[in-house]
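Start from chain S and add chains R, C and A according to the hints.
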Amino acid sequence: MTERSSHLELEQADKTYLDSNELIINMGPQHPATHGVLRVILKLDGEKVLGTECVIGYLHRGVEKIAENRTYTMFNPYVDRMDYVAAVSNGLGYCEAVEKLLNVEAPSRAKYIRVILTELNRLASHMLWLGTHALDIGAITPLFYTFRDREEILKIFEKYCGARLTTHAFRIGGCQYETYDGFEEDVTKFLKFVTPKIDEYEQLLTTNRIWVERTRGVGVISAADCKALGVTGPVLRASGVKWDLRKAQPYAAYSDFDFEIPTGQSGDTYDRYLVRMQEMRQSLRIIEQAVGKIPDGPIMAKVPKVMKPPVGEVYHSIEAPKGELGYFIVSDGSTQPYRVRVRPPSFVNLQALDQMVRGQLVADVIAVIGTLDIVLGEVDR
Amino acid sequence: MLDYITSYLKSDTTPGQAGNFFWAFVYILLIFLGLSVAVIAMNWLERKILAHMQVRLGPMRVGPHGLLQPIADALKLLIKEDIMPAEADPVVFWIAPLIVVITAFTVFIVVPFGPTHAVTDMNIGVLFMLGVSSLSVLGIVTAGWASNSHYPLIGALRSSAQMVSYEIAMGLAVISAVLMTSLNTDGTGTLSMIGIVQAQQAQQTWFIFKFFPLGLIAFFVFAVAMVAETNRAPFDLPEAESELTAGFHTEYSGFRWSLFFLAEYSAMIAVSSIAVTLWLGGWMRPFPHWLTGETWDLVFSLFPGVTFVLLALITFYSTIRMPKHPYFRVQTIGLAGFGAVLGLIGLLLFVPPVRDRIQDIYWFAVKVAGFMYLYIWYRGTFPRYRFDQLMKVGWKVLLPIGLGVLIVTGILGVVLS
Amino acid sequence: MVPITTLHYLVVAAALFVLGVIGVLTRRNVVIVLMSIELILNAVNLNLVAFSRLYGLHGQIFAIFVITDAAAEAAVGLGILIAFFRNKETVNVDEVDLLKW
Amino acid sequence: MQPVATTFFFYFLSAVTVISGIAVITRRNPVHSALALIVALLGQAGLYLMLYAPFVAGVQIILYAGGIMVLFLFVIMLVNIERAQKEEQFNKQWIVGIVAALALGVLFVLVYMKGKGLFPQTVAQLPEGENTQGIAMLLYRDYMFAFEIASLLLLVAIIGAVVMAKKRI
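Chains as they are written, first to last, in this note's numbering: chain S, 483 to 863; chain R, 683 to 1099; chain C, 173 to 273; chain A, -8 to 160.
Hints listed in this document are in silico derivations from the structure and should not be mistaken for laboratory results. Just so you know, nobody snuck in bad clues.
As a list, the in silico DMTMM-like pairs of lysine to aspartate or glutamate whose alpha-carbon atoms are at most 20 Å apart:
hint, chain 1, residue 1, chain 2, residue 2
1, S, Lys787, S, Glu587
2, C, Lys260, A, Glu79
3, S, Lys724, S, Glu742
4, A, Lys157, R, Asp1070
For reference, chain S alone in the conformation it holds in the complex (with noise of 0.2 Å):
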């Protein structure tokens, strides 16, 4: 890793520029395209990167350490709060790392439901990474179009359980509602809506030159790197690794659904964006499944009132939209729990960075920044 640029370096940050190779610069906390309170400090050889470290913690908020200071349902709701542009998933993870904790299963139409709601959470994040990360590039049309079609994910969600962006859609054992009337058609309709978009954004930038010369080659990073690193999601597929957990260790209703992991081969920006615009393809598909066969029953699981798990811990893991999203849950037998640990991808994604952009120029780094999707709010927890 980078060696320290301490804070000392910056002071004495050179007073010439022409002289020293070296000018410190930082970038962030605030700063437009960190996508939030990242601060990166990067040391440059004229644009050229020599290294770069990630200060991170401005939007630290102990989830964590709450957590063990809450009861089982109660925590629930603040794990929305670490991705909050991908909070279904968030909820997801948590109440199934529970529900394996207390032995208990979700009927199979709570995970259908989930199902859809996880993907279509996929999609609005996938929706919101690519406007941003075209806003970092330079390209603005794009993020009016992803927010434009984003809004409808929204607008079901709202539907669905009343909230739009912290949704707490389900709960330890399965759904707190059952789905309203027309949920169904407006799935599908949707669904209609939202392919000739995702067309649309292609159009848009697949094939532009200068979209391929600012992303083809920038931020390339090997497969054996991504796994020393830890690195997941997307950002591995990337780089040629076919892995994702929804087919390596099927969760919810995954297991009954055709679908395929789209692969890259370079592992740069360019092949990232690809990825990415074909997993949204591929949610469609899955949500479409979903929406055909969803079964009748009930939604929720026979979960005792208080909860307390038997004593032992439970790793649960799932593909959220930016990679691997782990909890690590240490049940003491009581009505909280003893510990809770989360892995976020955006935290492990993080590490790449200096890796990706070293050698680089400046203005990859806002690109690389834009690809890795970081969500800070996960990050710092």
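Just chains R, C and A now, with coordinates in the frame of chain S:
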């Protein structure tokens, strides 16, 4: 005195050449006012067009359809506190925006809006335009330096490097157009802006179609270089918001910042005017040699009036569509009044003497407006180039193409004459 | 008023030349010395162009060549300045007292 | 385009040029010097215009003010100036220098006074409208060889500047 004033109207040269100061000053004032109005209108149009490209409405609150928004913005900028960084160099910080604005406006004294509608015509017209517009680099560099801060300095160095390198490609494209002027019957070329348009008139073609596709390629080189030259998307690196916050004018605010804004837009209009003059036949109406005769002359001379009447009709249509709520009454009346003004201007433009005088200016403005739309369209479509790619495009793509076109044009010129 | 003759221009040129010479002889900062040299070259140019008014266009051609030379001189001079500054951390002419470093 | 109000503009432009020239050699901050030099160059371009030399004026603006001075500003910004500003600005022989330069100036004036009669009193007929064409004819016919040499000189200058300024090639 009256003779002095009317003598110019009867002459067939520009006031500068006729030595008529009164009209020279009138033209300078008109250009200054016209440019300011154009910049304000451009501001509104850019926001509206870009908004509609991006499925949103753009400004809607201040005035009907946000028509008064640019004025409100200008007012806000004027009364904002004038902040100067403590460590800045006060004199240079003060001068920099002035340099940029003065160069952007000075360029217009040789722009020919018509065979007689220019402040003056210089023997070195094109050279003068390129030279003066290249001076704005100085303003940008000094602005970045005077702010005494890292980001503006990097932004300034970037943009000056960019402008200096694209000036070369631009110059080469311009030279090939100037070479084309020498293919007249008398065999002498010219650098004068009016002379260039007259050469196109004499050769009965716009230079964009000359030696097809040579003229087109030269025009393409110029069109790309001019976008880079004005620091607009996709070459807007100096102002790359996501990288350098706002580039060289990061530390500027209020009135000084609005000067940069004004300069950027008038520079856009200036380079578009060069492009129109050099390649798109300047003030010539479309098909001046195909569709000849009195009837066609009449038809084309009706265009300005028709345009304004159409605009007035669109305005009236939006007036009808305004919400019927007392809250919107003032806005509706205002919009109707605006439409009426446009309509009256349109009717005025049908009056024969006005019609004939306004012709050239109208066609010139329409062509420039086309370029302005292109600028907005680029901004809505393209991502931003990276700095090294930008330099690559300038030096490795545009420069060789420009040189090639220049050489081939020269050879063809010699062979054909 | 006296009509403006060539002599007037020559006097202005002489003034600029003298200013340039003063700059070269007295300033320590290399950049300003280089700028003073530009001033001298410009004074010469003004002379050439003023005489071209009397003798025909040849003077203007010379002026153009002088400008070309000035560009070359500025490029090389500033290149030397940068190399010098990188090694000695100073821009003062009177500290350029080594032939090799 | 006839020069108008010749007397006024001559004195105005000369004053601008000379005052900026003085500013060039007296400013402490090189950026101020450079800006003053730009003003001097532009004033001189105006003088060229009055001398019926529009092409040289254009070249002066585009090359000197727009090109060379940008290079100067670039370099000034690259080399550290803060320390240089606090140091002594004039070298030890400044009195000698000024005296020598002023002596040169006096010499000039004396020569002009003596030699005034040698200049032709009539002005050569230079049609302003064909200035550029005339220069082109001369440059590419009579001075062709010199022109090529100049291009070679520029090439050498480019290479030299790159070699010297680049840290590692």
